[in-house]
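In numbering that gives the first Met the number 0, the protein residues as written are 0 to 237.
Keep in mind the hints are simulated off the structure, nothing from the lab. Wrong hints could be hidden among the right ones.
To be verified - Calculated pairs, SDA-like style, for lysine to any residue (alpha carbon to alpha carbon, straight line, at most 20 angstroms):
1. K66 with Y108
2. K58 with T114
3. K161 with R204
4. K66 with R84
5. K58 with A85
6. K66 with T114
7. K161 with A188
8. K66 with A123
9. K161 with R208
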Amino acid sequence: MIRPLSLPQGVLILLRDALLHIATLLSFREPLTIANLLRHRDRLQGLDEASYDLRACLKRAVEEFSKEPPAVQANARLSIQCAGRALEFLSGQGDCEISVYLLHHRVWYSAEARTAELYLARLAVHPEPLSVDELLRVRRRLQAWGALTEELRGCLDFAVQKFAEEPLCVQDDARMVVDCAGRALSFSAGAGGNQINVYDDRDGRVHYRIRASGLWAHTARFLNGNQPHHALNVGPRW
Numbered sequence: 000m001i002r003p004l005s006l007p008q009g010v011l012i013l014l015r016d017a018l019l020h021i022a023t024l025l026s027f028r029e030p031l032t033i034a035n036l037l038r039h040r041d042r043l044q045g046l047d048e049a050s051y052d053l054r055a056c057l058k059r060a061v062e063e064f065s066k067e068p069p070a071v072q073a074n075a076r077l078s079i080q081c082a083g084r085a086l087e088f089l090s091g092q093g094d095c096e097i098s099v100y101l102l103h104h105r106v107w108y109s110a111e112a113r114t115a116e117l118y119l120a121r122l123a124v125h126p127e128p129l130s131v132d133e134l135l136r137v138r139r140r141l142q143a144w145g146a147l148t149e150e151l152r153g154c155l156d157f158a159v160q161k162f163a164e165e166p167l168c169v170q171d172d173a174r175m176v177v178d179c180a181g182r183a184l185s186f187s188a189g190a191g192g193n194q195i196n197v198y199d200d201r202d203g204r205v206h207y208r209i210r211a212s213g214l215w216a217h218t219a220r221f222l223n224g225n226q227p228h229h230a231l232n233v234g235p236r237w
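My request is simple: use the sequences and hints to build the entire structure.
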């Protein structure tokens with residue numbers, strides 16, 4: 000006869016409370032706030048392995064969600080799929096879909112903005128990959144949303160034009176910020192050693208400035224005839 004597992008009464012009560020807590024979470028969407036995520040994470044301390052994995056997912060959710068811009072924090076749906084359990088938290092209309100999950104013993108965090116406003120808000124703090132193709136992809140996406148203003152289009156077009164002229168060693172290791180029309184769009188490739196800024200001014204010019212990093216990048220740009228600063232006159236906008 001198999002004898003039941005004997006555990007201290009305190010441990011049994013802790014496990015019971017944890018299972019009731021998880022069952023409650025599964026029955027409805029919890030409010031999505033950092034404080035609420037922390038509360039659920041802290042209630043899962045010192046439990047079984049599955050609860051330990053779930054706590055790791057909640058910990059990652061707190062770390063990453065706290066970095067999201069306020070507009071995203073106020074309008075997101077966060078789903079946690081970990082150790083065979085699915086939890087969901089909601090703020091606003093849930094227009095930014097966030098997933099936290101355990102795969103191959105690693106906790107992953109991914110987010111997808113469903114509106115132009117949230118996409119632009121995230122793009123200011125979460126860089127997209129930097130390449131000519133990615134710059135064009137972001138341009139097309141904003142255009143499809145109807146969020147590509149004349150000013151932003153001019154800056155992105157100039158960024159594509161000048162970045163395409165950079166040596167490959169620069170393209171593969173650069174960070175670009177496009178700061179135009181009150182928006183900041185960030186892109187990154189490699190370690191982001193070469194700093195590129197694209198911005199507009201009140202005189203109707205779009206500027207492309209680069210601060211190259213390392214002897215090889217400086218030499219490649221010199222041999223390629225690249226300048227550290229370019230400006231395009233597109234006409235006054237104010």
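Each hint tested on the structure:
For the hint pairing K66 with Y108, the CA-to-CA distance comes to about 12 angstroms; that is within 20 angstroms, so the pair holds. With a CA separation close to 27 angstroms, the supplied pair K58 and T114 exceeds the 20 angstroms bound. Between K161 and R204, the direct Cα distance comes to roughly 15 angstroms. Compliance with the 20 angstroms bound is thereby established for this hinted pair. Restraint check for K66 and R84: not satisfied, since their Cα atoms lie roughly 25 angstroms apart, outside the 20 angstroms limit.
With a C-alpha separation of about 15 angstroms, the suggested pair K58 and A85 falls inside the 20 angstroms cut-off, and the hint holds. Of the pairs offered as hints, the one joining K66 and T114 holds, with about 19 angstroms between alpha carbons and a cut-off of 20 angstroms not exceeded. With a C-alpha separation of about 16 angstroms, the suggested pair K161 and A188 falls inside the 20 angstroms cut-off, and the hint holds. Taking the CA atoms of K66 and A123, the gap is near 11 angstroms; set against the 20 angstroms cutoff, the hint holds.
For the proposed pair K161 and R208, the alpha carbon gap of about 10 angstroms is at most 20 angstroms, so the pair holds.
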